[in-house]
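S.K.: For reference, the chains in residue letters:
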Amino acid sequence: AQTVTQSQPEMSVQEAETVTLSCTYDTSENNYYLFWYKQPPSRQMILVIRQEAYKQQNATENRFSVNFQKAAKSFSLKISDSQLGDTAMYFCARVVAQKLVFGQGTRLTINP
Amino acid sequence: NAGVTQTPKFRVLKTGQSMTLLCAQDMNHEYMYWYRQDPGMGLRLIHYSVGEGTTAKGEVPDGYNVSRLKKQNFLLGLESAAPSQTSVYFCASSYGARGGYTFGSGTRLTVV
Numbered sequence: 001a002q003t004v005t006q007s008q009p010e011m012s013v014q015e016a017e018t019v020t021l022s023c024t025y026d027t028s029e030n031n032y033y034l035f036w037y038k039q040p041p042s043r044q045m046i047l048v049i050r051q052e053a054y055k056q057q058n059a060t061e062n063r064f065s066v067n068f069q070k071a072a073k074s075f076s077l078k079i080s081d082s083q084l085g086d087t088a089m090y091f092c093a094r095v096v097a098q099k100l101v102f103g104q105g106t107r108l109t110i111n112p
Numbered sequence: 001n002a003g004v005t006q007t008p009k010f011r012v013l014k015t016g017q018s019m020t021l022l023c024a025q026d027m028n029h030e031y032m033y034w035y036r037q038d039p040g041m042g043l044r045l046i047h048y049s050v051g052e053g054t055t056a057k058g059e060v061p062d063g064y065n066v067s068r069l070k071k072q073n074f075l076l077g078l079e080s081a082a083p084s085q086t087s088v089y090f091c092a093s094s095y096g097a098r099g100g101y102t103f104g105s106g107t108r109l110t111v112v
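Protein chains in written order, with our numbering: chain A, 1 to 112; chain B, 1 to 112.
What the hints contain is simulated information worked out from the structure, not anything from laboratory work. One or more of the hints may lead you astray.
[Stated by the list, open to error] Pairs of lysine to aspartate or glutamate residues, derived as EDC-like cross-links and limited to a Cα-Cα distance of at most 20 Å, are as follows: (1) A:Lys99 / B:Glu52; (2) A:Lys55 / A:Asp81; (3) A:Lys99 / B:Asp62.
Build the full structure now, drawing on both the sequences and the hints.
M.R.: This is the structure:
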């Protein structure tokens, strides 16, 4: 089965700290796409960052960056200078045969 | 910029009742998806469509039917609702399997 695994159900950090969310996946493909989505209490799914597997450079979007380790099939999300508004569920996902497959999610709480 | 619109946003059904959830997108996307979200399980794919007139089963299709008669609409039907179908349902669309995915705001369905 083509799976995506997030091993941290919940995390909690203080405001302004840096936090890293883990994600591993299973694949037999050489080129594929990986995503991190944020789901705040409003329930809206918001794309945080996108990585193409054939690109060696790690994707970055402002305070959000990824550590993409292709050989290890690892795709972690780093949030720098965390803010209260970063409190949300975070989902790792990848495309599998025309479909977006999600991990179980990590509930991140930023404390003041 | 409507994006992806889901109706209704909330619904309570009695066991055995039927209903249809409507998803409409105005981005001319080919691909459309229906997911359900349950605590601790992420988003799981119910059914999807790769173009007008096509549908395919996802990970958890039992108890649901879908139709894509028009490119912009993707309907999810529950013929005989069961308490196990209590969930939050999300529709999504994309211009390709590896393209950007746009999500609706979700429908919270409770079956009593």
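S.K.: Which earlier hints can't be squared with this structure?
M.R.: Hint check: 2 fails alone, others pass.
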